[in-house]
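Engineer: Each chain is listed here by its residues.
There are 2 protein chains.
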Amino acid sequence: MPRTNKRYELFYWPEIQGRGEFIRLALEDAGASYVDAARGPEGTRKLLALLRSASKPPLPFAPPFLRFPDGSLVGQTAAILHRLAPELKLVPAGDASRIQALQLQLTLADLVGEAHDAHHPVGMDLYYEDQKSEAARRARSFVLQRIPKFLGYFEAELDRARARKRGALLGQHSYVDLSLFQVLEGLHYAFPNAMARLARRIPRLLALRERVRARPRIAAYLHSPRRIAFNEQGIFRHYPELDMEPRRKARGGGSRR
Amino acid sequence: MPRTNKRYELFYWPEIQGRGEFIRLALEDAGASYVDAARGPEGTRKLLALLRSASKPPLPFAPPFLRFPDGSLVGQTAAILHRLAPELKLVPAGDASRIQALQLQLTLADLVGEAHDAHHPVGMDLYYEDQKSEAARRARSFVLQRIPKFLGYFEAELDRARARKRGALLGQHSYVDLSLFQVLEGLHYAFPNAMARLARRIPRLLALRERVRARPRIAAYLHSPRRIAFNEQGIFRHYPELDMEPRRKARGGGSRR
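Chains P and F, in that order, give the protein sequences. Numbering follows my numbering, in which position 19 of the first sequence is assigned residue number 19; successive positions increment by one, without gaps. Numbering follows my numbering, in which position 210 of the second sequence is assigned residue number 210; successive positions increment by one, without gaps.
Hints may be right or wrong, so weigh each one.
Because identical chains cannot be distinguished in the list, a pair is counted as satisfied if it fits within a single copy or across any two copies.
What the hints assert, rightly or not - Straight line, CA to CA, 30 Å or less: simulated DSS-like cross-link-like pairs of lysine-lysine: (1) Lys46 with Lys149; (2) Lys149 with Lys132; (3) Lys46 with Lys132; (4) Lys149 with Lys56.
Simulated from the structure, these hints should not be mistaken for laboratory data. Only a predicted model underlies this, so the values are computations on that prediction, with no experimental measurement involved.
This is chain P alone, in the form it adopts within the complex:
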């Protein structure tokens, strides 16, 4: 039974999970009433027309964007979730919790961006086949350095959150847990070797992944045709040549951002 009768309209590329999936998971887990608008007939055309419309500013820069029941259009995954979560009861009440969730979601967004760039390091206007050698170098760095660093951070956060339950957000079921689930699903799909090697270092993350997967509405969603399968047009892509065994540590030095 939906917790809300409001109707949301999600706009995202119809053929991939992509960034839209973080919004879908929140809407599905809450049992919210929504339309995945761009998956219907003429979906992509409607999506592009909205991006070029003369609507009230700001127009979103790119999908995903969500039309709220009051008519407002919000883009940027983390901004959508930040506004949506209190309505869906997917974040504890209070500014401190909402900021904590936003900070964690943005850290996940950084990881998602790097997962994308692992197969598209030169530019998203080129095909993977035109940047395979660059992707091999970038993926090595991503697999050996960045995945362990990000997942180590979230594992430690889960540990800290458990030790100091009061006020802790991670692992207490919020939209951030749903997003973390999605990132873990994506990384396992794209880099099964790398994730198998990491498994013993991230027990709390793997437990969270199973907890989220078993939530009744999420389980029903994952088995429904509404869930698009992972594929090689999305953010998380399985190219076996990028999921290599470790050979040597990448050289130190470089860039702070």
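Once you've looked at the hints, dock chain F against the given chain P.
Structural biologist: Only chain F this time, still in chain P's reference frame:
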């Protein structure tokens, strides 16, 4: 005269503007009392110690992070600004304006991330010198496709905001205007040829840049030793070989994210 007597502590790498600069500009424009903590003696050591401390979750994943007067530590540039802006009167009151600002700031963050990756496409754990040929390819795509797309969006938003002043945020002086100023400064530093070619297509953005630069506190800040100069350790780097003249359009196709 400071608008507030609260004292903020900013933690960011001491030798670059980087993402910390978006926070510095907000604090400076508001005349807030703050310490740029990592630029003092033992600064980097203190910064790293905080990241490894057993503080209340969530710890930030990476700099910049800000300690608020109530002791809480917030990381992720857009999350820091989202919490900070109402205290500094750098966003209009009300949830709708705050979400609008967050959405625009996150779009700027995407552009900043791509500006960084133009010189570090393979990985931030490697030196630029170890990825020069990849950087040349990525920078071509960034200069020919991405800068025009992002700046075209913000120029159009400024236009839409002017046409429908009520409720519009961009150009009405908020932290987003300060961030937009910083991005324009950075792009002009890193890609002077590319920006010169774009000038006639972004008159509103260039006017905004001059308006922000002339704000008394910003002008004073830019001429003070507190402003770190752009350099080739930061996000916006001037490598003449990446600021090329256009030769041909990059091939279409590729990736949606």
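Engineer: Now, for every hint given, state plainly whether the structure supports it.
Structural biologist: Comparing the hints with the structure gives:
Proximity of Lys46 to Lys149 under the C-alpha cut-off of 30 Å is restricted to the inter-copy arrangement: shortest distance 20 Å between copies versus 40 Å within a copy. For the homomeric pair Lys149 and Lys132, the shortest alpha-carbon distances inside one copy (24 Å) and between copies (25 Å) are both at most 30 Å. Within a single copy, Lys46 and Lys132 get their C-alpha atoms no closer than 33 Å, and across copies no closer than 41 Å, so neither meets the 30 Å cut-off. With identical chains, the CA atoms of Lys149 and Lys56 are at most 30 Å apart between copies only, with a shortest distance of 20 Å across copies and 41 Å within one.
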